[in-house]
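J.: Construct all of the structure, not just a fragment, from the sequences and the given hints.
Residue numbers (the numbering used here), protein chains in the order written: chain A, 71 to 417; chain B, 17 to 379.
Treat the hints as calculated values from the structure; they're not laboratory data.
Note that the structure is predicted; figures quoted are calculated from it, not measured.
Backbone N, C-alpha and C define an ideal beta-carbon position, used for all residues, glycine too.
A hint or two may mislead.
To list a few chain A residues with every Cβ distance to chain B over 10 Å, as calculated [stated by the list, open to error]:
| id | residue |
| --- | --- |
| 1 | 107 |
| 2 | 109 |
| 3 | 121 |
| 4 | 130 |
| 5 | 184 |
| 6 | 199 |
| 7 | 234 |
| 8 | 244 |
| 9 | 309 |
| 10 | 330 |
| 11 | 371 |
| 12 | 399 |
| 13 | 417 |
Covered, in the sense of this in silico footprint (three residues per stretch, anywhere, with C-beta under 8 Å from a C-beta of chain B), are these stretches of chain A [what the hints assert, rightly or not]:
| id | region |
| --- | --- |
| 14 | 86–97 |
| 15 | 155–161 |
| 16 | 174–183 |
| 17 | 338–352 |
Listed next, with one range per pair, are the computed distances between beta-carbon atoms [unchecked claim]:
| id | chain 1 | residue 1 | chain 2 | residue 2 | range |
| --- | --- | --- | --- | --- | --- |
| 18 | B | 312 | A | 226 | 53 to 59 Å |
| 19 | B | 161 | A | 264 | 35 to 41 Å |
| 20 | A | 230 | B | 43 | 18 to 24 Å |
| 21 | A | 265 | B | 282 | 32 to 38 Å |
| 22 | A | 247 | B | 304 | 19 to 25 Å |
| 23 | B | 154 | A | 121 | 43 to 49 Å |
| 24 | B | 323 | A | 247 | 28 to 34 Å |
| 25 | B | 216 | A | 114 | 56 to 62 Å |
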Amino acid sequence: MRNLDDATVTAFGAELDALRAETIASLGAADVDHIRKMIRLVRYSEAGGRALLHLGIGPLTFALGVSALAAAKILENMEVGHNVMHGQYDWTRAADLDGRSYEWDIVCTGDDWRHSHNFEHHTYTNILGVDRDIGYGLVRISELQPWEPAHLVQPISAVVLALLFQWGVALHDLRITETIAGRQSVAKLRERARPFLKKAAWQLAKDYVVTPALALWNAPRVFAGNFLANGIRNVWSFAIIFCGHFPEGVVIYRAEDVETESRGRWYQRQLAGSANIEGGRLMHVMSGHLSHQIEHHLFPDLPAARYPELAPKVRAICEKYGQPYLTGSFRAQLGSVAKQILRRALP
Amino acid sequence: MSRPMHRSRPTALARSAWRRWFLDRTAEFWLGELRATWSLTEQRARVTGVRSETVDAKTFTITTPRAWPGHVAGQYVPVEVEIEGVRVRRCYSISSGGSEPGRQSIEITVKSVPGGRVSTWMHAHLAVGAVVRLGAPSGEFTVTAPAKLLLIGAGSGITPVAAIVRDLVARGAAHDVIVVEAARSDADAIFAGELAALATLRSIAHPGSPALHHAVQVIAHRGPLDAAALRAYAPDLATREVYVCGPAPVMDLVAALVGPRVHLERFAPAAPARNPGAATRARVHLAVANRTVEITRGTLLEGLERAGERPAHGCRMGICNSCRCTKTSGTVEDLVTGTISSEPDQEIRLCVSAAHSDLELSL
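T.: Structure below.
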């Protein structure tokens, strides 16, 4: 990475600002058509999956039903929920695309997510001690994180986190470890836990009581199908999110490095703190365009479906200013993350 | 005719997460799939007729959904359409007479204003079968007590006046009504023929009524209105309740002439974007809190905080969207893009917006 002086960083930031402004000026019906198409896909995929699980017989319809339901949950969480909650479609002023009131099909509440993800993670990306998403407080992925004996088992805890990722994300926001360490009061934890418990209760009721009960004799099949669909979504979103920030080469920052940070330096940090996954349109849509993690971190409030067309322009700006642009195949990035998890398990 | 919007949207944020997930999105989606006008959260109405009144005025017939609360003749209704992916609302006077609650046929008459985003779009694209969203009808430009009336509609200001006349005639409540229908020329006059027909109809229906004296007398006026013309049309001006809707000079003229017996319906097409330079001082009205504060320099967020307000916020740099709110009126600059906008009902982020005029925010 080339070190940039203040004037150059300002110019770098201005080029990215111009790219953002240019995109905002071109937002229109095509963007709304895309997200509405995705919402429709989510709804029909969910309905189809449920129909196959509820009414089908045999393993084939079960597998198809689970796949359709898992695809619906992945698309809803990643391409619709995550992006809408960033306010990417607030400019439409449509009630169902409103970022501040959106609620998604996952145990983490939309309100918790809006705070921990939109504000903390996107503002303080990859700053140790502030961005709580670094390894989710469980996994050590940088030598800057102090080693603890508990990290020895992190190859196993990472797998458990992947399988239960929706619970990991939701519990993460409650700051239980901070309470244990005495940095958050028990009363505050209780206050944070209330909306989560409420949402977790109705999510569990929906997936494991109400929908199985509606299936009558097929209840065990629906129960198992919902469980598998949630699990598939968990593992997939874990993989995409870890590939976005933790492959080798992604920079982790110390709070003191970024105390007085200009907009240009913020862009620089977002760039160095993110990594892309190469792939086709299916990969991009199924990852909620987080395969374009770099573009997402530079422009979190632009409709994500625009990231593929922005990517070559961002890359050209990076080359011009000698900035790194980390990208690789899904396999390469996942392998790199796995290697990091294994290597950092040891001091 | 349209008028500026002042609405405070009931906040979706106050609803429980379950409600927002199930009722507001899941149920809403499937209802909409079953029928485009079905909804539990908003009034979706179908356009069932479009006709041209003049070269630049069209009347749209709209069938209201079952949730329609009904309205009184002379009121206006917020109409929301989607233009290039963006939902835009404008208020239009309902030009048909009063309506009962439920499925009803109502009409709005829209004059295409050059440069007017919504009116020109409606003229070009709003066709039979399209679905629009309606807000709650409101407005005080209504006739409540039977009295001698002088109704003045100038230009597209004729729309609520026509609604009142139609309603009075339909209810047989027009006892002594003078209607001044003013337009630049015959070609510009909306409803001229129809209003004239209403006047004739009444004189036939009451052949024995004393001289003066159609129950409804309609005067077509062409060119600018002045006090002398009004006195000639209604010599007993001093004894009449006066209703006037039209351009500001006409309303000012009538208000000066009549005094407290005047009922005004003010309207203005959406203010064009202007660039007055960042205001050093601006008054900000917070509609939800119902407070007005004065802010100086800097971003709206900083200004509001200096004024003692504590609006929700996060990153303070235009990333996280926590401080987003609706600006219902006024001009702001987006400090990231430099865009200056006077669009009503615009979503803005307080931390990257600066006031260029007095504002109203839904906070």
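J.: Taking the closest pair, is the beta carbon of residue 330(A) still more than 10 Å from chain B?
T.: Holds: least Cβ distance 13 Å, greater than 10 Å.
J.: Does the beta carbon distance between residue 247(A) and residue 304(B) stay inside 19 to 25 Å, or does it fall outside?
T.: Violated - the Cβ-Cβ distance for residue 247(A) and residue 304(B), about 37 Å, lies outside 19 to 25 Å.
J.: That 56 to 62 Å hint for residue 216(B) and residue 114(A) (C-beta), does it hold up?
T.: 58 Å, holds
J.: Would residue 309(A) pass as off the interface with chain B, using Cβ distances and a cut of 10 Å?
T.: About 25 Å separates residue 309(A) from the closest Cβ of chain B, which puts it past 10 Å; holds.
J.: Against chain B, does the region 174–183 of chain A show at least 3 residues with beta-carbon separation below 8 Å?
T.: Result for this restraint: holds, n = 5.
J.: Beyond 10 Å on every Cβ pair: is that true for residue 399(A) relative to chain B?
T.: With a cut-off of 10 Å, residue 399(A) remains clear of chain B, as the shortest Cβ separation is near 29 Å.
J.: Taking the minimum C-beta separation from residue 121(A) to chain B, is that value above 10 Å?
T.: Holds, because the least Cβ-Cβ distance between residue 121(A) and chain B comes to about 14 Å, which exceeds 10 Å.
J.: Per the stated criterion, does the least C-beta distance between residue 371(A) and chain B lie above 10 Å, as a non-interface residue requires?
T.: 6 Å, violated
J.: Determine whether the non-interface label on residue 234(A) survives the test: each CB of chain B must be over 10 Å from its CB.
T.: 21 Å, holds
J.: Are all beta-carbon distances from residue 109(A) to chain B longer than 10 Å?
T.: Answer for residue 109(A): violated, closest chain B Cβ roughly 7 Å.
J.: Find the nearest Cβ of chain B to the Cβ of residue 130(A) and say whether that gap is larger than 10 Å.
T.: Since the minimum Cβ distance to chain B is about 27 Å, residue 130(A) lies beyond 10 Å and the statement holds.
J.: Regarding the assertion that residue 107(A) does not contact chain B, is the least Cβ-Cβ distance greater than 10 Å?
T.: Given that every Cβ of chain B is farther than 10 Å from that of residue 107(A), nearest at about 13 Å, it holds.
Figure legend: structure checked against the earlier numbered hints; hints not met, in rising order: 2, 5, 11, 17, 19, 20, 21, 22 and 24.
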